[in-house]
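Undergrad: Sequence:
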Amino acid sequence: MDYFLVSFFLLEHIRKTLHTKEKMPYWHQRIEYAKYISYIMVAAFFISDSASWFSWIGNAFLALLVFTAYKNDDFYDVRGIVLSIIPFIVVSFVRDLARIVTPSFYDDYSNYFSAIRSFAFVLCFIIWLFAQRQLKELQKEREERQREEREIKAQKESLEYLVAERTHELTLQKEELQKAIEELKSTQNQLIQSEKMASLGELTAGIAHEIQNPLNFVNNFSEVSVELCQELEEEIEKTEISSEDKEYIRGIISDLSQNQEKITHHGKRADSIVKGMLQHSRASSGNKEEVDVNALADEYMRLAYHGLRAKNKEFNAALTTDFDETIGKVNVLPQDLGRVFLNLFTNAFYAVAEKKKTLSESNQETDYRPEVKISTKKFADKLYIRVSDNGTGMPEHVKAKIFQPFFTTKPTGQGTGLGLSMSYDIITNGHGGTLDVDTVPGEKTEFRITIPV
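Every letter in the sequence shown is one number past the one before it in the numbering used here, and letter 194, counting from 1, is 194.
Note that these hints are calculated values from the structure, not bench results.
Mixed in with the good hints there might be a few duds.
[What the hints assert, rightly or not] Distance windows between CB atoms, simulated:
{"hint": "1", "residue 1": "D438", "residue 2": "Q155", "range": "49 to 55 Å"}
{"hint": "2", "residue 1": "E210", "residue 2": "L170", "range": "54 to 60 Å"}
{"hint": "3", "residue 1": "S118", "residue 2": "Y76", "range": "26 to 32 Å"}
{"hint": "4", "residue 1": "K262", "residue 2": "T366", "range": "39 to 45 Å"}
{"hint": "5", "residue 1": "D438", "residue 2": "F406", "range": "38 to 44 Å"}
{"hint": "6", "residue 1": "H397", "residue 2": "L184", "range": "35 to 41 Å"}
{"hint": "7", "residue 1": "Q173", "residue 2": "L303", "range": "47 to 53 Å"}
{"hint": "8", "residue 1": "Q155", "residue 2": "K378", "range": "44 to 50 Å"}
[Stated by the list, open to error] Simulated pairs of lysine to aspartate or glutamate, DMTMM-like, Cα-Cα distance not exceeding 20 Å:
{"hint": "9", "residue 1": "K71", "residue 2": "E12"}
{"hint": "10", "residue 1": "K71", "residue 2": "D96"}
{"hint": "11", "residue 1": "K444", "residue 2": "D367"}
{"hint": "12", "residue 1": "K140", "residue 2": "E237"}
{"hint": "13", "residue 1": "K378", "residue 2": "E235"}
Built from N, CA and C at the ideal position, the CB exists for glycine as well.
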């Protein structure tokens with residue numbers, strides 16, 4: 001009977017230790033069959049009158065279990081307890097063999113055989129208890145290791161999350177820093193431009209004042225000289241000299257008059273330039289007034305348009321307005337802002353006229369329709385004004401210099417180069433706003449005005 005008790009405990013130990021039901025379903029089913037066999041053999045032992053053949057069946061059954069567990073790697077973790085049964089099997093086999101081969105020897109030493117077999121049986125359980133304790137320690141170590149691995153994994157995930165979050169924060173900070181650097185560079189460039197404009201304004205004022213006085217003398221004396229030539233010609237008519245001498249003197253007087261008229265013309269041209277320089281450098285002395293900016297812009301738009309139409313009757317353009325009617329009246333310098341509008345509209349109409357002229361001269365039949373547009377919008381505490389055209393546009397190198405004094409792209413005699421420079425000064429210094437330009441060469445130009453209100 002003890003054979004089957006050992007086999008039962010061995011099978012139960014294997015089942016619990018290896019968790020065969022979850023991890024080894026194939027062997028779990030066979031272990032259950034072996035346990036049923038053990039139950040049957042125990043029942044048969046109590047029913048049968050002769051138990052000698054049970055010893056051989058028990059030995060064979062235990063030997064089969066040991067051989068199966070030893071040969072399969074799936075049972076590696078329980079090989080220690082399985083091999084501990086071998087002494088019990090060997091002692092039982094020698095005892096049963098001695099009982100059959102030498103019954104007298106067995107009868108003389110049967111007590112010794114029983115003692116040794118009992119010792120082997122007890123040894124099996126001692127080894128099993130030791131293995132159980134060792135297994136529990138290993139299980140505890142394994143659970144501790146698994147707990148540490150879970151903690152390490154959790155810390156790793158937490159660290160990865162922190163690293164990702166910090167990386168995202170650093171990326172945002174980098175982007176914000178780059179944006180701040182770009183804004184700083186832009187502000188620096190605007191400040192440099194403003195300083196240049198201020199320095200040029202002071203220099204322009206000094207030069208203009210120095211030139212104005214001698215220029216006044218030139219203009220005045222040239223006009224007087226023309227009048228003197230006219231008086232001289234009248235006096236010659238009264239003088240009795242030969243007709244040939246009169247014609248000769250008239251020719252000289254005519255040449256002198258023409259020269260003086262040219263001096264007067266170019267003197268006035270220089271005078272207008274000097275006055276523009278003074279106007280550009282002089283701070284506005286006017287007071288701000290509540291003005292309807294929409295009406296002011298519309299008035300100067302049509303004034304500039306009809307001014308160009310007076311010079312070129314064939315010129316036509318579409319005038320587009322997109323006014324924000326909720327603006328109401330805004331506190332501005334009306335004369336100065338009107339001057340800005342006039343400059344911007346004059347340049348816009350000039351640009352669309354030049355583009356149409358270029359297309360006509362190159363015999364390019366297109367559906368080009370000149371258009372100048374003005375739009376206003378009030379948002380929060382700022383007034384936004386856009387003046388755009390679909391004219392010639394301007395290249396980048398022109399755009400970089402467009403607000404510098406005396407810079408112009410118009411032919412000689414058609415522009416002083418002070419209009420946009422003066423407009424920039426009026427908007428930035430006179431109104432505390434901004435004036436910039438966006439352009440696409442050959443397609444469009446848009447001037448953007450922002451004024452705090």
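Undergrad: Taking the hints in turn, state whether each one holds.
TA: Now for the hints, and whether the structure bears them out:
no.: 1; hint: D438 to Q155: 49 to 55 Å; result: holds (54 Å)
no.: 2; hint: E210 to L170: 54 to 60 Å; result: holds (59 Å)
no.: 3; hint: S118 to Y76: 26 to 32 Å; result: holds (30 Å)
no.: 4; hint: K262 to T366: 39 to 45 Å; result: holds (41 Å)
no.: 5; hint: D438 to F406: 38 to 44 Å; result: violated (23 Å)
no.: 6; hint: H397 to L184: 35 to 41 Å; result: violated (24 Å)
no.: 7; hint: Q173 to L303: 47 to 53 Å; result: holds (52 Å)
no.: 8; hint: Q155 to K378: 44 to 50 Å; result: violated (57 Å)
no.: 9; hint: K71 to E12; result: holds (19 Å)
no.: 10; hint: K71 to D96; result: violated (26 Å)
no.: 11; hint: K444 to D367; result: holds (16 Å)
no.: 12; hint: K140 to E237; result: violated (139 Å)
no.: 13; hint: K378 to E235; result: violated (69 Å)
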